[in-house]
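Top line first, the protein sequences correspond to chains A and B.
Quick note on numbering: this note's numbering labels position 37 of the first sequence as 37, and the sequence is numbered without any gaps.
Just add 1000 to the spot in the second sequence (first one is 1) and you have this note's numbering.
Note that these hints are calculated values from the structure, not bench results.
One or more of the hints may lead you astray.
[What the hints assert, rightly or not] Restraint-style ranges between C-beta atoms, simulated for each label pair:
1. W1243(B) x G124(A): 50 to 58 Å
2. V1184(B) x L28(A): 33 to 41 Å
3. V1159(B) x S207(A): 23 to 31 Å
4. T1173(B) x A178(A): 41 to 49 Å
5. A1036(B) x T182(A): 35 to 43 Å
6. L28(A) x A1036(B): 15 to 23 Å
7. V168(A) x A1075(B): 15 to 23 Å
8. L1033(B) x G80(A): 51 to 59 Å
By construction, the Cβ of each residue, glycine as well, lies at the ideal position given by its N, Cα and C atoms.
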Amino acid sequence: MYDPTVARLTYRALLGRRRALILGALPLLLIVIAVAVRGLVGADDQTAADVLGGLALATMVPIIGVIAGTGAIGPEIDDGSVIYLLAKPLKRPTIIFTKLIVAIGVTMAFSAVPTFIAGLILNGNGQQVAVAYTVAALVASIAYAALFLLLGTVSRHAVVFGLVYALVWEALFGSLVAGARTLSVQQWALAVGHKVTDGDLVTSDVSLPTATVLLIVVTVLATWFAGQKLRTLTPTGDE
Amino acid sequence: MAVEQTPAQIPAPAGAQSRIHNIGYRSYDGPRLGRAYARRSLYSQSLRGAYGLGRSVKSKVLPMVLFAVMCAPAAIMVAVTVATTAKKLPVEYTNYAIVMQAVIGLYVASQAPQAVSRDLRFKTVPLYFSRPIETADYVRAKFAALASALFLITAVPLVVLYVGALLAKLDFTDQTKGFLQGLVSVALLSLLFAGIGLVISAVTPRRGFGIAAVIAVLTISYGAVSTLQAIADAQGSGSAVPWIGLFSPITLIDGVQTAFLGGTSAYPGGVGPSTGEGVVFLLAALGVIAGCYGLLMRRYRKVGL
């Protein structure tokens, strides 16, 4: 199910040249903000939860997820070089699974790790806030990577649709319509984070069993469907 | 068949030899349209391309949907104002773009890479410069095209609001003043966003990566700035709030229009920059636009070869 060569190629496509630097700029900004906030406010649990929830989990994790998830397969389909990969005697689900593993790894490395560091800077993990949001970021990374990898195989505008989901659906509709929050990766991840720490600062609108089931269903379904999609892929030129 | 003689076998007289190669090509001696025409064409094609006109149906969908999403709230607000005979519009002209910034961000993120990345990826940039246009022409045409496209998407809703306001018999001078202020503010916003979008997407030949990078810069900077502002406001250091606003494009525009264009600030606490501070905001906005232009020029001097 896992092919090291495909994994190596995907890592290179995602992190090669200066791309790793650009991906690294976001987490760096989060840490800089954490330092600034700590300097302005001092260690305050509520502020730490606000910054981590509003900036790290709601904005940074989805954006890194979109870049890593769609970036793992999208550009190859876009410029047609995916043909050379598909022509090799590899099962299509194997390709998808390998790319998913890589995308998850990259998303976790660039979102969960800085979230933890920022949490430590903000309030030294008081009330387990840092751990809760790190767990949420880890969980969210898996679901986002699977979801956006699927988008990458389905549409050529995967990045835009991914961002519309992440920013418009989760942030905008989520804050206006309560029902939208049940169908949001962010809330499912928060439910898991809430369970881990049992604190009052990290709360979710979704109960833990629902969240876990939905997370697993979405991840597995998205991966399976992406594999199916890759089996029937018709390579098209750029318009 | 064997007796057929080809012209080559006839011993040709010396002067007629050149005629074999003359197959009737003629050199062009009509009027040449020149540099200005090429620049204009590049501008109009890029502008059309920004809305998917002259491209496939698939690529029309996204810009048109975003355009509709941008205009729909304005139409709804007008309908509500006319129906309830309200005394004023539910939103100020200058505030409309700030409220709808997510849509504007998505539009610039999807169309800026469209304008420049493909030329880079397919290495067609040198072909442009084989025409009588210079680096500056290419950069200016692309910059102007994207800024115009952005101006269209931000100004049309304002026109809808304005017409609706007049239909609802709101005060004419008041509305006209607000409308013109709104237009100036979205013109500045268009230039600023176009510059930032183009600089980022001209760096990478990969369209998808360009989209994500543009949106990341716009949202993350806004998220960071508004978080810091909220904290500064809650901590009682309200005087720092406007200064933090300098560091993201949309709050920069917000600051400029609060100071000069009679807008009400969307900053936490509602305290925007004063007129004096506003000068700094305006200079910063113009500086960023000029800087983007300079960076684009530098970039294309390199890739145009």
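Hint by hint, here is what the structure shows:
1. With their beta carbons about 28 Å apart, W1243(B) and G124(A) fall outside the hinted range of 50 to 58 Å.
2. Roughly 36 Å separates the CB atoms of V1184(B) and L28(A), a value that falls within the hinted 33 to 41 Å.
3. Take V1159(B) and S207(A): their Cβ atoms lie about 48 Å apart, and the range 23 to 31 Å is violated.
4. Distance hint check for T1173(B) and A178(A): the Cβ-Cβ separation is about 43 Å, which falls inside the suggested range of 41 to 49 Å.
5. For the pair A1036(B) and T182(A), the supplied restraint of 35 to 43 Å is violated, since their beta-carbon distance comes to about 58 Å.
6. Judged by the Cβ atoms, the range 15 to 23 Å given for L28(A) and A1036(B) is violated: they are separated by roughly 45 Å.
7. For V168(A) and A1075(B), the hinted distance range of 15 to 23 Å is satisfied, since their beta carbons lie about 19 Å from each other.
8. The supplied range of 51 to 59 Å is broken by L1033(B) and G80(A), whose beta-carbon atoms lie about 35 Å from each other.
Taken one by one, the earlier hints fail for this structure at numbers 1, 3, 5, 6 and 8, listed in ascending order.
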